[in-house]
Amino acid sequence: MKKHDLILAGMIICIVFIGFGGLKLYRAENNNEPRIAVITQDNVLVERIDLNAVEEPREITLPGPYHEILQVEKGRIRFKEADCPDQICVRRGWLQNPGDMAVCLPNKAIIRITGN
Amino acid sequence: MNYKNKKGFLLIMVIVFSFGFLAGCSSNSETPIEKQGFYMGTVVTEKAYGQNASQAVAEGMRRIKDLEDKMTVNAPGGEIAQLNVSAGNGAYVPLSSDSLYVLKSALKYGQLTQGTFDVTIGPLVQSWGSFKPNSKIPSPIEIDRIRELVNYRDLEFNEKENAVRLKNPGQMIDLGGIAKGYAGDEVIKIFKAYGIESAYVNLGGNVVVLGGKPDGSPWNVGIRNPRAQDGSSLGVLEIRDKTVVTSGDYERYFEEDGLRYHHILDPQTGYPAQSGLISVTVVSDTSMEADALSTAVFILGLAKGLELVQSMAGVDAILITEDREIYITSGLKESFTLTDQGGSYRYHEKT
Numbered sequence: 132m133k134k135h136d137l138i139l140a141g142m143i144i145c146i147v148f149i150g151f152g153g154l155k156l157y158r159a160e161n162n163n164e165p166r167i168a169v170i171t172q173d174n175v176l177v178e179r180i181d182l183n184a185v186e187e188p189r190e191i192t193l194p195g196p197y198h199e200i201l202q203v204e205k206g207r208i209r210f211k212e213a214d215c216p217d218q219i220c221v222r223r224g225w226l227q228n229p230g231d232m233a234v235c236l237p238n239k240a241i242i243r244i245t246g247n
Numbered sequence: 367m368n369y370k371n372k373k374g375f376l377l378i379m380v381i382v383f384s385f386g387f388l389a390g391c392s393s394n395s396e397t398p399i400e401k402q403g404f405y406m407g408t409v410v411t412e413k414a415y416g417q418n419a420s421q422a423v424a425e426g427m428r429r430i431k432d433l434e435d436k437m438t439v440n441a442p443g444g445e446i447a448q449l450n451v452s453a454g455n456g457a458y459v460p461l462s463s464d465s466l467y468v469l470k471s472a473l474k475y476g477q478l479t480q481g482t483f484d485v486t487i488g489p490l491v492q493s494w495g496s497f498k499p500n501s502k503i504p505s506p507i508e509i510d511r512i513r514e515l516v517n518y519r520d521l522e523f524n525e526k527e528n529a530v531r532l533k534n535p536g537q538m539i540d541l542g543g544i545a546k547g548y549a550g551d552e553v554i555k556i557f558k559a560y561g562i563e564s565a566y567v568n569l570g571g572n573v574v575v576l577g578g579k580p581d582g583s584p585w586n587v588g589i590r591n592p593r594a595q596d597g598s599s600l601g602v603l604e605i606r607d608k609t610v611v612t613s614g615d616y617e618r619y620f621e622e623d624g625l626r627y628h629h630i631l632d633p634q635t636g637y638p639a640q641s642g643l644i645s646v647t648v649v650s651d652t653s654m655e656a657d658a659l660s661t662a663v664f665i666l667g668l669a670k671g672l673e674l675v676q677s678m679a680g681v682d683a684i685l686i687t688e689d690r691e692i693y694i695t696s697g698l699k700e701s702f703t704l705t706d707q708g709g710s711y712r713y714h715e716k717t
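Chains as they are written, first to last, in the working numbering: chain L, 132 to 247; chain X, 367 to 717.
A hint or two may mislead.
Computed beta-carbon distance windows for the label pairs [as the list claims (entries may be wrong)]:
1) S452/X - E186/L: 57 to 67 Å
2) E186/L - E622/X: 46 to 56 Å
3) L704/X - G152/L: 28 to 38 Å
4) P188/L - H714/X: 44 to 54 Å
Just so you know, the hints here were simulated from the structure itself, not pulled from any lab data. Cβ atoms here follow ideal geometry from the backbone N, Cα and C, with glycine treated the same way.
Here chain X stands alone, though its shape is the one from the complex (with noise of 0.2 Å):
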């Protein structure tokens, strides 16, 4: 080389080398905004991207809050709480717009999955407590007493005035197998109004994701190794713009003389359902099916929740046997990825 080109090389590798440098002190141009709250009896996580990532989160946090104060039953006041209070005494209850989409649908999972999901399963929830160690188990008597209780068919509506009732004294509507997933919707519905495009809701373990992260990739959703004692995955979901929630026989539970009493109930036979899954979460595009679905697949055990996610566009599923086999629905083959690195799950993919 001779004497030119030699500087005009050094030149080059001099910027290079300073770019090199800077490259080092990376800025983050995307700082998310995420918030965490607690409500609906679990932690919520909100993490968005974006300009207005501020506002979205606070005001998803606000609808969060708005919504539990309307659909929860354990505490007296909210409108769903007064639902209950005035089952069988004839009057209707006028609702807001939230809790009537949110019980029509309730009804409509109801019907589609033959009762399976049933929100007047709320007497059963009351007797069984809060699934704390130790908990008392409901006398076969009682059980007996408080499953005649439970009909969704008597959830009457009065379209007129916006109002619903419940036909029978004792009857009770708990949304903890719905909520969560209107959340989910609605947080995301926020989202989207304030311009975000890449975020995430996560309700303890109902979430819904807008987008994928900020470079394009998708969001990594875990799936938790339904008897991990650290609670780590055993798989994980890529996902854009879907929902991924899961019901699980780890999620609230005591165990006495050897066997588990989880939190789904079975509202045919009022006991925690035995149905041979530990484990159902279902993807989907819409938090609030999703939420219903995997606790009625849940109920439903393997070959009949099979039935009901492939009878259903746009919904897939993981299913996992207390033999530690995990089934997954055609849907998710590309992104799902199995991380367990024991080997004790055997996993099968279903058309």
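In isolation and in its complexed conformation, chain L is listed as follows (with noise of 0.2 Å):
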């Protein structure tokens, strides 16, 4: 083999690696991936939101024995604000990707992101 051919090769072999990171570099941007918040309380279904079609922010007020609020806005949402005695549920934050989770456990509240 020549130098020439070594280098070819080199080239493709880096075009190669090129075109696997590309791929995955441009599905991140462009956050193509689905994300569905799904909130329930006490087991039943308060509102499955695609939260990339959200374009107004706006706010939930959940049922239940506690106020709470959620914030919800494009590709996010959190418990804004709640008055169960821990605050854990807000001190979470904002939930964005498939698999987070937010839970007021006196309030029986779940919000979840789910990719399906």
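Both chains come to you apart, so use the hints to assemble them.
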């Protein structure tokens, strides 16, 4: 094998890796992965929200014994305020990726982000 | 290289390039089914892989609800609630096979732990309440009165009628220390019946795993740092086909005058256990056993707790003391990894 053959081979291998990496980067940047927020209170579905499709920020008041407000924005959701004793739900902050979850035990409220 | 070799070489490289490109578009051949519910006073998560995952997970949740309805003392009407209401009137209360089995097992654990695990602790649990902030501390007189009612030997079985009674008025069963474990085992049974090979169920920290992850690697279960404000973990257990159950003084508590009153009550004293331990994690093959033992070991303290664990085949534990020492039994040496960043915990392996 001649030197220029090795250089060509090396370039092609680099292109392979760039192609692989580039695609992954593209997917991450574009946030095309679905993110659906599922909100339940006492095992009853309150709302399913396609977070990627949210245009205007809005708020949701949850049912249940405790006064709780959720904040919904494009791509993310959180417990904004709650009058439960420990505030663990509020402290959890923003949820945005599939698998993220926040819970208010006293109010039996669960927000979970799912990919489907 | 001659012309022909170069062409073949180039062709191979193009094919490799294409694979690289396609690999970037990963497709999920194994998409899990995950479901959350609120049962037994906490969040329950089920996750399963496989063809029948959807049905298995749904049936698992229904089973947990079924067990909650039977065993809860926080709502009237369930059979355990009825058992409690009938205490001392002489009548035997017929129970489902689930409750009978759990009560029989509870008796066994009572004997094994010499009363440290005692499901007749109901009146004490009721007196202390929910451990919300600013809870009232029961008076010493009330605690003494109620302690008399706690005695697992007063649970009497009528084998012929599949019925049970509590001997004295005011006595109460509380299955809080064992129900989640039993439920976890029942969910795994359902998963297995559906041919599921990779799954887990988590009932508020009471974790049971089936197999390992679909790629063959073990499930990773985090062990919470008992004093971290953000609920972060201090270590990870890698497990397959095991259960991990933790009892800690950070789960349900209130503080008054600088003292922490937590939910793990010592049946002997009537007060939250002050054993020197702040967290106990039990790993075994049955979640019901791990659930009962984690409570008992917490109350027993380091020395007696380790003794109990070491006397039982197939049971291992992680015990964390108030002095920030972590003790781990030998069976977990390979599967536990300490991740404590601040180095505030000291780690010891026991035989």
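* For S452/X and E186/L, compare the CB-CB distance with the range 57 to 67 Å and indicate the outcome. => Because 59 Å falls inside the window, the suggested range holds.
* Status of the given 44 to 54 Å range, CB of H714/X versus CB of P188/L -> 51 Å, holds
* Range hint 46 to 56 Å: satisfied by the CB atoms of E186/L and E622/X? -> Check passed, 49 Å falls within 46 to 56 Å.
* Given the hint of 28 to 38 Å, check if L704/X and G152/L actually sit that far apart at their C-beta atoms. => 34 Å, holds
This entry satisfies every hint, going by the numbered hints stated previously.
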